[in-house]
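Asker: Dock chain one against chain two, each of which comes alone in its own frame, and use the hints as you go.
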Amino acid sequence: MSETTSKAQTQADAQTGQQSGGTTVEGETQEELREEWVQYEFDGQPAISTRDVNVHYGDDHALHDISIDIPKNSVTALIGPSGCGKSTFLRCLNRMNDRIKAADVSGEVEFNGKNIYDKGTNLVELRKRIGQVFQSPNPFPKSIRKNISYGPRKHGDIDVSLLSRLLGRDDSDEEDELVERCLRQAALWDEVKDRLDDNALGLSGGQQQRLCIARALATDPEVLLMDEPASALDPIATSRIEDLISDLAEDYTVVIVTHSMQQAARISDQTAVFLTGGYLVEYDDTDKIFENPESQRVEDYITGKFG
Amino acid sequence: MSDAYDRNLVESESSTYQRLAASIVGVGILAFAFALAALFDLTAIDATFVGLSLSNLLGVGTTLVGLGVVGLGAVSYVGYVETTPDRSAGLVPAVLFGLLWFCVAGLVVSQTFGFGALVWLPAALLVGAGAAGVAIFPREDIGSTLPAGAFALLVGLVFLTNVIGPDWAWSPTDFSATFTPKIVVPFLTVLAVLVASWAAGKAYDDFGARGRQTGAYMLIALNALGILSVLVILVAFVVSKGIGPLFEGFSVGASGIDWPFVQNGNQLTNDVNGVFPAIVGTFWLVVGSVIMAVPLAVGAAVFLTEYAEEGRFTQVVELATNGLWSTPSIVFGLFGYAFLVPRLGNSTSLLSGIFVLGFMLIPLVLITSREAINAVPDEYRDASAALGVSQWQTIKSVVVPAAMPGVITGVILGVGRIAGETAPILLVMSGSPFPSKRQAPNVLDISFSFTSSFPFVDASLISQEALLNSASALPYQLYAIITAGVGQSEAFGWGTTLVLLLVVLSFYAVGIASRAYFRNKLRS
Ligand SMILES: Nc1ncnc2c1ncn2[C@@H]1O[C@H](COP(=O)(O)OP(=O)(O)O)[C@@H](O)[C@H]1O
Ligand SMILES: [Mg+2]
Numbered sequence: 001m002s003e004t005t006s007k008a009q010t011q012a013d014a015q016t017g018q019q020s021g022g023t024t025v026e027g028e029t030q031e032e033l034r035e036e037w038v039q040y041e042f043d044g045q046p047a048i049s050t051r052d053v054n055v056h057y058g059d060d061h062a063l064h065d066i067s068i069d070i071p072k073n074s075v076t077a078l079i080g081p082s083g084c085g086k087s088t089f090l091r092c093l094n095r096m097n098d099r100i101k102a103a104d105v106s107g108e109v110e111f112n113g114k115n116i117y118d119k120g121t122n123l124v125e126l127r128k129r130i131g132q133v134f135q136s137p138n139p140f141p142k143s144i145r146k147n148i149s150y151g152p153r154k155h156g157d158i159d160v161s162l163l164s165r166l167l168g169r170d171d172s173d174e175e176d177e178l179v180e181r182c183l184r185q186a187a188l189w190d191e192v193k194d195r196l197d198d199n200a201l202g203l204s205g206g207q208q209q210r211l212c213i214a215r216a217l218a219t220d221p222e223v224l225l226m227d228e229p230a231s232a233l234d235p236i237a238t239s240r241i242e243d244l245i246s247d248l249a250e251d252y253t254v255v256i257v258t259h260s261m262q263q264a265a266r267i268s269d270q271t272a273v274f275l276t277g278g279y280l281v282e283y284d285d286t287d288k289i290f291e292n293p294e295s296q297r298v299e300d301y302i303t304g305k306f307g
Numbered sequence: 001m002s003d004a005y006d007r008n009l010v011e012s013e014s015s016t017y018q019r020l021a022a023s024i025v026g027v028g029i030l031a032f033a034f035a036l037a038a039l040f041d042l043t044a045i046d047a048t049f050v051g052l053s054l055s056n057l058l059g060v061g062t063t064l065v066g067l068g069v070v071g072l073g074a075v076s077y078v079g080y081v082e083t084t085p086d087r088s089a090g091l092v093p094a095v096l097f098g099l100l101w102f103c104v105a106g107l108v109v110s111q112t113f114g115f116g117a118l119v120w121l122p123a124a125l126l127v128g129a130g131a132a133g134v135a136i137f138p139r140e141d142i143g144s145t146l147p148a149g150a151f152a153l154l155v156g157l158v159f160l161t162n163v164i165g166p167d168w169a170w171s172p173t174d175f176s177a178t179f180t181p182k183i184v185v186p187f188l189t190v191l192a193v194l195v196a197s198w199a200a201g202k203a204y205d206d207f208g209a210r211g212r213q214t215g216a217y218m219l220i221a222l223n224a225l226g227i228l229s230v231l232v233i234l235v236a237f238v239v240s241k242g243i244g245p246l247f248e249g250f251s252v253g254a255s256g257i258d259w260p261f262v263q264n265g266n267q268l269t270n271d272v273n274g275v276f277p278a279i280v281g282t283f284w285l286v287v288g289s290v291i292m293a294v295p296l297a298v299g300a301a302v303f304l305t306e307y308a309e310e311g312r313f314t315q316v317v318e319l320a321t322n323g324l325w326s327t328p329s330i331v332f333g334l335f336g337y338a339f340l341v342p343r344l345g346n347s348t349s350l351l352s353g354i355f356v357l358g359f360m361l362i363p364l365v366l367i368t369s370r371e372a373i374n375a376v377p378d379e380y381r382d383a384s385a386a387l388g389v390s391q392w393q394t395i396k397s398v399v400v401p402a403a404m405p406g407v408i409t410g411v412i413l414g415v416g417r418i419a420g421e422t423a424p425i426l427l428v429m430s431g432s433p434f435p436s437k438r439q440a441p442n443v444l445d446i447s448f449s450f451t452s453s454f455p456f457v458d459a460s461l462i463s464q465e466a467l468l469n470s471a472s473a474l475p476y477q478l479y480a481i482i483t484a485g486v487g488q489s490e491a492f493g494w495g496t497t498l499v500l501l502l503v504v505l506s507f508y509a510v511g512i513a514s515r516a517y518f519r520n521k522l523r524s
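The listed protein sequences correspond, in order, to chains A and B. The first sequence begins at 1 in full-length UniProt numbering and counts up by one. The second sequence begins at 1 in full-length UniProt numbering and counts up by one.
Chain B on its own, in the form it takes in the complex (with noise of 0.2 Å):
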């Protein structure tokens, strides 16, 4: 036979060899998204596709990506693809492997056979040190898919076989709680599927550094992956629930847009009692908060580190803040309750709601200041002293527009944790839950008149009025409507909790939004 024919034919069963790879994985993915859905109520477990139970479909696929990578493994042992594996697959896989296979065999020891553990502890370690010996001694080409593949070839055969199938359920002696197959299966599912998904991902570069880079790539995309599709599901799932009660009654006609439950309060004599007053709280909250917080938080961070001796102070003050920022949100509650509330008119008021806030705000963005100003490069400090320019002035014109992109990250970090914050509102802040629409807090009363007596002028900003007295807020009506069950039915609920998500992102869109503006100043 030529060289040349050797060649084609090696490079040929090659990429079949890639391609089996390739598709294992594919498998193996799909299996996830089943699991993932499963898991999220997407589906249910016991559901039946193509005459099936999903947890024995779920066992099909396992078995498959099982089979496949021992095969992958073989086939390139037997020396039928050229592959580049090394000696051995080394010391990490053999602990995990080792781990892995240790807790299956103790489980399924003491808990399917019911031994003790006298038993079940020797076997386990004899298994486990089993699955590590088969990673560190074979050739790596068979030391990183053995062990994986027959984890999953064994979790395949246990959902096929109904071992673990819909009607399963595990009480473990000495622990209240049950394990049902709707937690378990898809559970499993995805463990087999990860480590399965990193040794075909080995094979699919033929082992050696370059196999070992790909399977560390398909270990982390799957990671990625599983994280993203649960924030997916998440924010899917409010939407699904949410989206009915908040467009009840939503209608565009000619005299506009009609959004009850946007526009409207709380009254019997409405057909759809709406969020309006909780809205309008919750976003004056927020900003009376940044307004109070944010220059308060970037002064202090200004004079610790262009001002203050590195010192005992500052070191004070680092610990002060990062204690403050780790404090509970009901002991600033507390604080507001027994300090400001008697203080401001004696009364629950959205004025101590945005104090309180507000003090919760002020250690994050002085920590991200501090960090921001600090990480501004002394060259810029230097030209300016160099050019004549005051200590101040370079702050005010250098440092600080140099700060501002990482002081508004602080800004949006702290706003994403106050606007969600129910504990303090109900304790300084809240009146009625569900207010009409006639107590929403209307902060700006722009108003300007002309009088008869001193000081001849009449003029208003800010009314007194709405910052004294009580305020709803989202998170607040929400906590009454699911936890104590006040007033409205769970789908209102469902739609604040919407509305809830809108406004935060919202809040944010508004934080990226000015970040990448003072960010496009700084390069473009």
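The shape of chain A in the complex, shown without the other chains (with noise of 0.2 Å):
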């Protein structure tokens, strides 16, 4: 049996639902899918929605049928071994995957009762409802201030230009509330506070990190969106800002995406596991994930067995 037939009976398994249990395919163990093992029962509304969400870059078929529910204001964590398709998956729920030109996206997500994939979706209230934040902490090279208050002067919230200066009616006021909102927010306010006007590339890796998660909250989002935000840093800014993401997700619903299975553990509510090719395989409890998997290949991968 050739290896594409075989996924595409994993497939067809999958959407059936059908319980075929391990089977051994050439000597080698392939465990089915289970669509139960994907269900995730939780009280209250999703945060966002996804329906057979498929992504192709090019011939490579790189997520495969992915439908979760993610609740609103707690912490969503996605892992698996790299190349699993996390960031790609990430990067779908705020249409990231536009600027690739490669990547292909196909099915359905919700997010406000709305498909963000329909036709006149505007992209640009949607980034500011949906933020993120990248895996290297990347300020743009402007002082504090300005990084913070860059989304809202670009989308108009906030006018300090030089005309509405010398007119007298600038947001000067506004944009210091919120700067120290937002810093306060991701727990840097202390640190900057005396140096709003420095430029940001001046702070060191941790302080960025929380910076770009500050310039993030300054959209006023509902979602945060963070692909491995704490892998460029120390052990120490890790763990500020995995108390900041905890913090966080009392406000806001924060989808992360980390390869620590110890981080997934430590600050996640739930927990989906995908694995090589593209797959959710399990989306469960995170207690329950870490616990008692129901997933062979997901215990494997939790225990340190490949991946």
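Across the chosen pairs, the derived CB separations fall in these ranges:
hint: 1; chain 1: B; residue 1: 451; chain 2: A; residue 2: 162; range: 29 to 39 Å
hint: 2; chain 1: B; residue 1: 347; chain 2: A; residue 2: 164; range: 42 to 52 Å
hint: 3; chain 1: A; residue 1: 106; chain 2: B; residue 2: 317; range: 30 to 40 Å
hint: 4; chain 1: A; residue 1: 174; chain 2: B; residue 2: 451; range: 42 to 52 Å
hint: 5; chain 1: B; residue 1: 223; chain 2: A; residue 2: 165; range: 46 to 56 Å
hint: 6; chain 1: B; residue 1: 391; chain 2: A; residue 2: 60; range: 20 to 30 Å
hint: 7; chain 1: B; residue 1: 454; chain 2: A; residue 2: 164; range: 27 to 37 Å
hint: 8; chain 1: A; residue 1: 156; chain 2: B; residue 2: 375; range: 24 to 34 Å
Partial list, computed: chain A residues near chain B (C-beta under 8 Å):
hint: 9; residue: 94
hint: 10; residue: 99
hint: 11; residue: 127
hint: 12; residue: 154
In short, the hints are calculated from the structure, not lab data. Using N, Cα and C, we set each Cβ at its ideal position, and we do this for glycine too.
Answerer: Given below as structure tokens:
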């Protein structure tokens, strides 16, 4: 049996919910995917629900039929070995995949009752409501203040242009308030309050990453997507970011990709496990995933047997 | 003898050894400096110092250096000092020494003794192979010093014995040029010093890996020194020739500064004629072409990097810009002459000059801006897009500011080229090379008044007349004086040269200052 047919078989099984258990394909244990492993029941509204999301990069089928509901005001962790499509999935949620020419996304992503892949979706509004923090800190080479007010300024929510200042109707006060609020939320205020006009590149890596979080908060989002936000940081900076994420979950929906299982276990409420090839294998309460996963492969991955 | 005594002895000896190596390099640098001075006419080759002609003096220097280098090798070889040479000097020195000695032997046998190719070729090959062999087979301390020291020694002896002296001249057969000692003596000295300092540098740090590092450093440092001194001498030469005419009639009085060479034009009634119209012409020419070219080039660069798909089209554009950049300026000039001049008032004009130089500037600014914009990290664009900011706003407020220092570098380089451009100006812009002060282009003509007829205001910012009339420029004036011998004395030409140099340098200064400003904004 060739690999493609075995994959097709797997998919067909997953779609019909057929339960065929483990089978052996050419001497190698191939576990079937089961629909109930990825069905996660929770109270309240989902912030985002995806339906059969598939992503192709050219001929490379990077994500297969991902359908999950992400609960509001909680931390959802996406874990899995590298190359399994976590970042790709995350980028589907705010349509950052649009920026990658080779990427072709199909399926539905429902946010606030609307499919964001519908024609006529306002990308500006979408990305204001779903902010993103990247793997390595990427502040603009501008002052700390300007980094934070960048989004609102460009959206016209805050006007501190020369003209408006000359006319005496600028929003400098609003800007100051915004900068302070976001920096406080990102637990950075005390460290930088005396040097708001210094260049952001002068901050340490951990401070830069918290600045990027503050910058994302400045557009007043509902959801924050984070792609391995602590992977470029030292342990102390990492733990500060983790504390921050737990605090943010009170007001925001956080979806975080991480390669560190400890991190996922520490900070997330529910965890989705992706495995090689772009399959979502299991999605459940974090405690359940880490203590008693249904899938043998997930258990192997979590206990470090592969991945 | 105790161990401690041994070690002390070795240590003190090895530092004497180092001092010896250093002083050899020192003598070499001295000879190097004199050679450069002779090359640039700062002193004559037959001038005498302490009773010796300069060539003899250089002979003494290079002989000392050569002896010293050979000595350094020998002392190390017999084990008088403790060094760490490798088994062989290596292939690269062997090839270099082989080539060097091949040339030496070939020239001596063919030119000094007058033998034909049948004799000199085998002889030269033999000597070259011998030198290469010396570099390869013995230990490194001999291999890297002997061929180098021997060369310096040979050069020194040739100078000392006046075989090549102040009265020597060499006109090779089948070759129309005559080599005079003025060129040959400095050249040989510099070559000998370079080779010998390389060897002395190696000896200074006891050969081996550390020695090679020092040797290479020596070579590079001397090289840099040479280039720098050429630059300094060039500028000093221009300054020394030009400073007299530049400050002729200069006075600071109660009525302010009176600086005729800079403030005057050309008139029969002037005591001292000056280059004011040409300065103004060059200034407006450069400013105008920068104002015209930079927005176009940066706009095109933004389009090509941010919007256009990589493909056939961008490749063609790249080819075209590179081609335009390497197009000779006279071609641009001719285009301006045949195309622009008839369309812009049918006479040579400042505006045509601005257009032509602007066209010349566009390719370079475009190329460097593209590089600079490409070098802006994609992370900035991602961060901005993730905040929902549109592509155009991202370009405006993140990408272009981050690329600004690179763009300005391109402008600086381009201005360096166009400010000294003569050929296109000759064709499209110039009228009289030495206009009077009244003929200086007065481009800014700011006026504002109310009139009785429609549109009831009469405002002007830029004078059409100034743009559409011919103007002079500094390089064009220079050309007229030096090549065509028109109108003015040579001294006036040197004064113009110095002013041109200063004008270009001040454009550089403005460019560098603004680049520093933008860099600072990005980093600080
Ligand atoms: N820009 C891209 N172009 C083409 N293929 C890509 C691109 N980004 C990711 N991929 C492919 O998609 C798969 C999933 O990648 P990614 O989502 O980055 O995985 P993860 O974040 O889990 O490490 C990989 O096989 C990768 O090669
Ligand atoms: Mg990733």
